[in-house]
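Listed here are the chains, written in short residue letters.
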Amino acid sequence: MSTLHTVNKSPFERSNLDSCLGHVVAGDSIILIEDAVYAALSGTSVTARMADAAKQFRICVLGPDLQARGMDTGAVIDGITVVDYGGFVDLAAESRVVNAWL
Amino acid sequence: MSTLHTVNKSPFERSNLDSCLGHVVAGDSIILIEDAVYAALSGTSVTARMADAAKQFRICVLGPDLQARGMDTGAVIDGITVVDYGGFVDLAAESRVVNAWL
Amino acid sequence: MEEENESGVVKKFMYVNRKAPYGTIYALEVLEMVLISAAFDQDVHMAFLDDGVYEIKKGHTPKGVGMKNFSPTYRALEGYDIEKLYVEKESLEERGLTEDDLLVPVEVMSRADLAKLMSEMDVVLTA
Amino acid sequence: MEEENESGVVKKFMYVNRKAPYGTIYALEVLEMVLISAAFDQDVHMAFLDDGVYEIKKGHTPKGVGMKNFSPTYRALEGYDIEKLYVEKESLEERGLTEDDLLVPVEVMSRADLAKLMSEMDVVLTA
Amino acid sequence: MKFAILVNEGPYNHQASDSAYQFVKAALEKGHEIFRVFFYYDGVLNATKYAEPPQDDRNVGKNWAALAESHKLDLVVCVAAGLRRGIVDDSLAPGFRISGLGQLIEAGIQADRLVAFGD
Amino acid sequence: MKFAILVNEGPYNHQASDSAYQFVKAALEKGHEIFRVFFYYDGVLNATKYAEPPQDDRNVGKNWAALAESHKLDLVVCVAAGLRRGIVDDSLAPGFRISGLGQLIEAGIQADRLVAFGD
Chain A
1 MSTLHTVNKS
11 PFERSNLDSC
21 LGHVVAGDSI
31 ILIEDAVYAA
41 LSGTSVTARM
51 ADAAKQFRIC
61 VLGPDLQARG
71 MDTGAVIDGI
81 TVVDYGGFVD
91 LAAESRVVNA
101 WL
Chain B
1 MSTLHTVNKS
11 PFERSNLDSC
21 LGHVVAGDSI
31 ILIEDAVYAA
41 LSGTSVTARM
51 ADAAKQFRIC
61 VLGPDLQARG
71 MDTGAVIDGI
81 TVVDYGGFVD
91 LAAESRVVNA
101 WL
Chain C
1 MEEENESGVV
11 KKFMYVNRKA
21 PYGTIYALEV
31 LEMVLISAAF
41 DQDVHMAFLD
51 DGVYEIKKGH
61 TPKGVGMKNF
71 SPTYRALEGY
81 DIEKLYVEKE
91 SLEERGLTED
101 DLLVPVEVMS
111 RADLAKLMSE
121 MDVVLTA
Chain D
1 MEEENESGVV
11 KKFMYVNRKA
21 PYGTIYALEV
31 LEMVLISAAF
41 DQDVHMAFLD
51 DGVYEIKKGH
61 TPKGVGMKNF
71 SPTYRALEGY
81 DIEKLYVEKE
91 SLEERGLTED
101 DLLVPVEVMS
111 RADLAKLMSE
121 MDVVLTA
Chain E
1 MKFAILVNEG
11 PYNHQASDSA
21 YQFVKAALEK
31 GHEIFRVFFY
41 YDGVLNATKY
51 AEPPQDDRNV
61 GKNWAALAES
71 HKLDLVVCVA
81 AGLRRGIVDD
91 SLAPGFRISG
101 LGQLIEAGIQ
111 ADRLVAFGD
Chain F
1 MKFAILVNEG
11 PYNHQASDSA
21 YQFVKAALEK
31 GHEIFRVFFY
41 YDGVLNATKY
51 AEPPQDDRNV
61 GKNWAALAES
71 HKLDLVVCVA
81 AGLRRGIVDD
91 SLAPGFRISG
101 LGQLIEAGIQ
111 ADRLVAFGD
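Protein chains in written order, with my numbering: chain A, 1 to 102; chain B, 1 to 102; chain C, 1 to 127; chain D, 1 to 127; chain E, 1 to 119; chain F, 1 to 119.
Wrong hints could be hidden among the right ones.
Straight-line C-alpha distance at most 27 Å; calculated DSSO-like pairs for lysine-lysine [claimed, not checked]:
id	chain 1	residue 1	chain 2	residue 2
1	F	Lys72	C	Lys63
2	F	Lys49	E	Lys62
3	F	Lys72	F	Lys2
4	C	Lys63	F	Lys49
5	D	Lys12	F	Lys2
6	E	Lys49	F	Lys62
7	C	Lys84	C	Lys116
8	E	Lys30	D	Lys68
9	D	Lys84	D	Lys12
10	D	Lys58	D	Lys84
11	E	Lys25	D	Lys68
12	E	Lys2	C	Lys116
13	D	Lys68	D	Lys57
14	D	Lys63	E	Lys72
15	D	Lys68	E	Lys2
16	D	Lys89	D	Lys12
17	D	Lys68	E	Lys49
18	F	Lys49	E	Lys49
Calculated from the structure, these hints are not laboratory results.
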């Protein structure tokens, strides 16, 4: 009975991720894709918030989008899982509904 | 020797206005157009910041964009000037360069 | 607007309106989706949050920007039995708006309650 | 790339890069403008701030998303005598990046200094 | 499992159509069914027959059409959104068809999951 | 005063082209000269000849073409951005011409002000 939330915008430029985080309920998952992958990295001004969110919800980040942007998967925040497109499909299949925070 | 800065995005959704405000120098002007007109209104969570900025820089807002969105020009923050497209053209002509914060 | 819904399946559709009107076209074109969903006899919900609350602000007058006023469509939704309109309280407050500023009857609810309602939908589409 | 600049006028052009690469095309297509400005013998400046600092992050590998790696173009700018590249310190810091993460030599400057530099330009184009 | 896909943005300017394409490819590789890919808003621009991107870049529209041919995908362009933006019979690329928005709602009803990609 | 205008987004999806159009109209009314209007990025989509928006809505492309005719405006579509997005000779609306990006830089050099509208 859970939702997969997709977020595709940079947390530094847009409010989409904040809005998503305000509407996630217990059992839901979030996947960060496209420019939202920057939210998954340690050492930034949004890291603390994301590390905290990752303790409450399953948060994943799309590996191909990290690699496109030259970001090392080793820099991903502990508790956030790197997945490929197949993993994205699995997450969508495992959830009951997919909600894109456009 | 001044710059006219144009901002067209909502302050609630995007960082454009914040970025603009961080790069304005003495003597510059700012015009809020399109979805940025919401930043010109009193009673919102960004009002205090804008009222403060209006004390340091000339800030204008495009009237036709306020009207399109059903916003009363009477609700515009004191110190922010409502202009029409002709006023926008005048501001651009009076400034030395126009910098669009896209 | 009459469409065949041969399957007989009725799903809970929610249209999540997060974007301001006129600056982009999403607010206008999502209404087409809403109307067609109703024609397919689906259980249609509309949520207005973030800048989406501006979509149903009274008094849109876009003549001066050369655009069409599409806000009468919100008033027409009732005629298509689309009456489940929800507005997020926190989004209104951040923007200094109250229920009196809105042009259609809505149910104002907290972010937490809206999140719960969203989680009960079968299809969620954000515009 | 040789163009005639019949007027002989040389203006200070600044390209302000505020957007992340790959999610949108702006970072790629602005480079075309930059190159053509140089061909017109203009005084070309590039500023990288906000998410624009990600454009010159080392190691772009977009094969997995099916897109082309355009970051070698930044390395080629020097060959067109485009050497005035400025990166905003505060933007790097917010994103946990340092000068070592960047694939081309740049001048890192404070927001205040960058604002001052911007104010001295004749044409400013943001992408 | 039956997926339906919604693409809200045109090619190149946003990554949305690329992401949708990669998702569909991965879903097919895992043996899932793609009930339909629907193009709405600027998404209709993926279906222009006139695009000629640089040879060293991808051709988003042709990639969709090729995938549709090899996997019998149903690529549907919204007629109203298309009219507004100049995607009509005369400008439509092979592999796409133009139809009403009802096709999206039907996809939402019939598919197990509707996954949207946009700006 | 001589203005040059840059339009970065396509019609309808964003207000950018509408705002640019209103700005140009107001500038002309004040007796200013419009050196050139240049369409880049998705802005090239303003120049499709196939758009047929609903009759109760504006036609952004036709409005530009009409203004160009009455005021002898130079409406230039970037050839490279156009090729990528399907705006080529066969799909170009009357009133626009296709040329290189040098036309934008020239406008930036020749005009007193370059004003950009985008997303």
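> Can the restraint linking D/Lys84 and D/Lys12 be considered satisfied, given a maximum Cα separation of 27 Å?
Replying inline: holds, 11 Å
>> Given the hinted pair F/Lys49 and E/Lys62, is their Cα-Cα distance within 27 Å?
In response: holds, 22 Å
> Given the hinted pair F/Lys72 and C/Lys63, is their alpha-carbon gap at most 27 Å?
Replying inline: holds, 25 Å
>> For a C-alpha distance cap of 27 Å, please report whether E/Lys25 and D/Lys68 respect it.
In response: Given that 27 Å is the threshold and the Cα spacing comes to 18 Å, the pair holds.
>> Hinted pair, alpha-carbon criterion (27 Å max): F/Lys72, F/Lys2. Please report holds or violated.
In response: holds, 14 Å
> If you draw a straight line from the CA of C/Lys84 to the CA of C/Lys116, is it 27 Å or shorter?
Replying inline: Judged against 27 Å, a Cα distance of about 15 Å means the pair holds.
>> For a C-alpha distance cap of 27 Å, please report whether F/Lys49 and E/Lys49 respect it.
In response: Distance of about 14 Å is within 27 Å: holds.
> Are D/Lys58 and D/Lys84 close enough, with their CA atoms no more than 27 Å apart?
Replying inline: Satisfied, since the Cα-Cα distance of roughly 19 Å is no more than 27 Å.
>> Can you confirm whether the C-alpha distance between D/Lys89 and D/Lys12 stays at or below 27 Å?
In response: holds, 22 Å
>> For a C-alpha distance cap of 27 Å, please report whether D/Lys12 and F/Lys2 respect it.
In response: holds, 18 Å
> Has the given pair, E/Lys30 with D/Lys68, been kept, meaning a C-alpha gap of at most 27 Å?
Replying inline: holds, 26 Å
> Does E/Lys2 lie within 27 Å of D/Lys68 when you go C-alpha to C-alpha?
Replying inline: Answer violated: D/Lys68 to E/Lys2 is near 31 Å, above 27 Å.
The structure fails hint 15 only (numbered hints given earlier).
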